[in-house]
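Can you make the complete structure from the sequences, with help from the hints?
Residue numbers (this note's numbering), protein chains in the order written: chain X, 1 to 309; chain L, 1 to 281.
No wet-lab data here; the hints were simulated from the structure.
Hints may be right or wrong, so weigh each one.
[Stated by the list, open to error] With the C-beta cut set under 7 Å, the calculated list includes, among others, these residues of chain L facing chain X: (1) Pro29; (2) Pro94; (3) Val151; (4) Leu257; (5) Gln267.
[To be verified] If you want the ones that stay clear, here's a sample from chain X, every Cβ over 10 Å from chain L, calculated: (6) Leu69; (7) Trp81; (8) Gly93; (9) Pro223.
[Claimed, not checked] For each label pair, taking beta carbons as the anchor points, the in silico distance ranges come out as: (10) X:Ile34 with L:Met196: 23 to 31 Å; (11) L:Thr8 with X:Pro199: 19 to 27 Å; (12) X:Arg218 with L:Trp51: 41 to 49 Å; (13) X:Pro223 with L:Thr8: 23 to 31 Å.
Where a beta carbon is used, it is the ideal one built from N, C-alpha and C, also for glycine.
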Amino acid sequence: MTLATAPRRSARRPAGAGPRRDRGVWFLVLPALIPILVLSVGPLLYGVSLAFTDAQSGRTEPTRWVGLLNFGDLLEDTLFWESFRIGLVWAVGVTVPQFFLALGLALLLNEKLRLRWPARALAIVPWAMPEVVVGIMWRLVYHPDAGVLNETLRGFGLGEGRDWLSGLATALPAVIVVGVWAGLPQTTVPLLAGLQNVPRELHEAAAMDGAGAWRRFRTVTWPALRPVALAITALNFIWNFNSFALVFVLTDGGPGGRTRLPMLFAYEEAFRYGQFGYAAAMGLAMVAVIAVLLAVYLAGRLRAGEDDR
Amino acid sequence: MTARRGRTAAARAGQYLALLGYLLFLLLPFLWLLSTAFKPPRELGSIDPTWIPHEPTLANFRATFDEQPLLRSAANSLAAAAGAAVLAVVVATPMAYVLARFRTRMARAATGWVVVSQAFPLVLVIIPLFLLLKAVHLVDSLGGLTLVYLVWSLPFALWMLTGYVRAVPAELEEAAAVDGAGRVRTLVSVTAPLLMPGIVATALFAFITAWNEFFFALVLLKSPEKQTMPVVLTHFLGAEGVADLGPLAAAALLATLPGLVLFAVIQRRITGGMLAGAVKH
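In structure tokens, the structure reads:
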């Protein structure tokens with residue numbers, strides 16, 4: 001059998017048709033499929049099953065099946081609910097400003113401005129940095145004595161400045177700002193891509209008809225951008241809700257647990273106290289929140305796919 | 001007419017102002033890191049910090065290597081990241097070819113997995129992985145970490161590579177087939193050379209991702225001599241968050257360099273691939 005029979009991607013197969021008759025390609029999939037099954041799908045299923053056990057690290061007795069016991073404990077764990085609340089505040093607090101900033105930036109970088117190319121290139125800088133370095137960098141910015149933030153505030157005569165990351169009231173907002181900074185590129189780039197797909201002629205036609213900038217955005221740009229915007233927002237929310245390294249470096253969940261994101265809590269349970277089963281149950285509870293978001297995302301993708309046809 | 005032109009000029013000015021504001025937000029933290037890295041201890045302790053060090057020094061960079069085993073951790077990071085990057089494109093390229101050219105149920109399942117795998121909290125993956133790797137004595141080993149990074153970078157590698165395969169016209173392969181070349185020969189002599197730039201970009205991206213990764217390395221590597229650079233960086237922070245700021249900044253800067261340089265090299269390709277993905281999928 002030759003490649004001449006391979007369908008081109010334009011030739012869509014009717015719905016319900018089985019896989020291609022060409023079975024000679026399965027071996028090409030194996031090298032990737034085996035590590036995926038062994039190191040990703042398998043562990044994930046194992047991880048889910050651990051949530052229903054009393055697994056602990058370094059224990060000699062065999063692990064027992066405990067049913068929903070861990071989830072019962074979770075329900076009564078006020079610290080867990082608190083970290084869940086903080087996780088939601090953080091995820092919304094990062095995702096929403098990130099989206100609007102990125103949208104503004106994408107619109108800006110889509111204009112014919114001088115400095116557009118260097119700005120586009122620089123827009124990606126936070127992406128290339130390790131999260132640990134981003135955390136360290138912002139600790140230097142927020143530093144109570146040697147930090148540039150307090151220095152600037154002092155320069156404007158705005159008081160003596162404070163220890164932003166250790167203040168009970170300021171810690172969460174301070175880490176949220178860092179989260180927004182760190183995630184801007186991966187929000188901006190897809191939006192910019194979406195913008196470049198908006199036909200220029202449509203814009204010009206609308207402008208001829210006397211539509212102002214806002215109207216053109218609403219009637220021409222936004223409809224084309226919506227699928228990308230929805231997808232990127234859902235993914236960002238999930239990604240932010242699951243984040244770990246940034247806040248681990250910035251505050252390690254402190255002060256007094258005010259920035260203890262769910263992942264930090266689960267990490268402590270698993271690898272500081274060895275409560276594998278309980279931590280897995282926390283992970284599963286996080287999935288429940290994420291599943292709702294993922295459903296929204298997939299629905300958006302589906303609709304985007306229908307628009308294509 | 002003039003009123004309109006005036007309004008356009010004002011809008012332009014507003015746009016440049018917005019761009020400037022954004023660039024400041026983006027660059028100032030980074031410039032502060034840069035500045036801190038070159039400051040002598042006297043200026044670091046000063047209550048009146050400066051943007052440009054009065055007496056710039058390289059002492060912090062020397063001190064980083066004395067304080068922590070930075071060189072060894074860089075070698076560890078390099079080994080794990082390079083190993084994962086090479087393995088990732090080797091196993092992902094054939095699969096990406098199938099995903100791009102054939103509509104199979106398996107391909108669809110793989111795409112679904114790519115999306116879903118991004119959504120799971122890492123704690124659900126790391127505990128079983130930890131137990132699994134422990135069972136085969138690959139915990140606290142760079143080899144084990146490399147395998148984890150391989151799988152971790154596969155979704156994005158598959159995504160990017162599938163896009164690159166689609167960009168190669170299937171007609172070229174058909175022409176080769178008509179000329180009597182078998183499938184494997186067509187793949188090797190026609191498709192692979194055209195894919196090379198995409199494969200390199202994907203490998204570099206996988207490298208950067210693994211070089212920057214922290215969580216898996218934190219959990220899986222316990223011996224100090226095996227830890228990767230991001231993990232060793234956190235040792236600078238000290239127990240109570242009391243840190244030697246100069247060496248900390250210098251080390252952080254050094255850890256960023258490879259990623260920044262490689263990103264500059266492949267920036268266009270990455271955004272191109274991302275863009276295609278974001279729009280098509």
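Evaluated hints:
1. Pro29: This interface hint holds because 5 Å falls under the 7 Å limit.
2. Pro94: The hint holds - Pro94 of chain L has a Cβ within 7 Å of chain X, the shortest such distance being about 4 Å.
3. Val151: Holds, because the Cβ-Cβ distance from Val151 of chain L to chain X comes to roughly 4 Å (cut-off 7 Å).
4. Leu257: 10 Å, violated
5. Gln267: 6 Å, holds
6. Leu69: 17 Å, holds
7. Trp81: About 17 Å separates Trp81 of chain X from the closest Cβ of chain L, which puts it past 10 Å; holds.
8. Gly93: Holds, since 17 Å exceeds 10 Å.
9. Pro223: 14 Å, holds
10. X:Ile34 with L:Met196: 23 to 31 Å: Cβ of Ile34 of chain X to Cβ of Met196 of chain L: about 25 Å, so the range 23 to 31 Å holds.
11. L:Thr8 with X:Pro199: 19 to 27 Å: 22 Å, holds
12. X:Arg218 with L:Trp51: 41 to 49 Å: For Arg218 of chain X and Trp51 of chain L the Cβ distance comes to about 42 Å; the hint holds.
13. X:Pro223 with L:Thr8: 23 to 31 Å: Holds, at about 25 Å.
Hint 4 alone, counting from the list given before, is not met by this structure.
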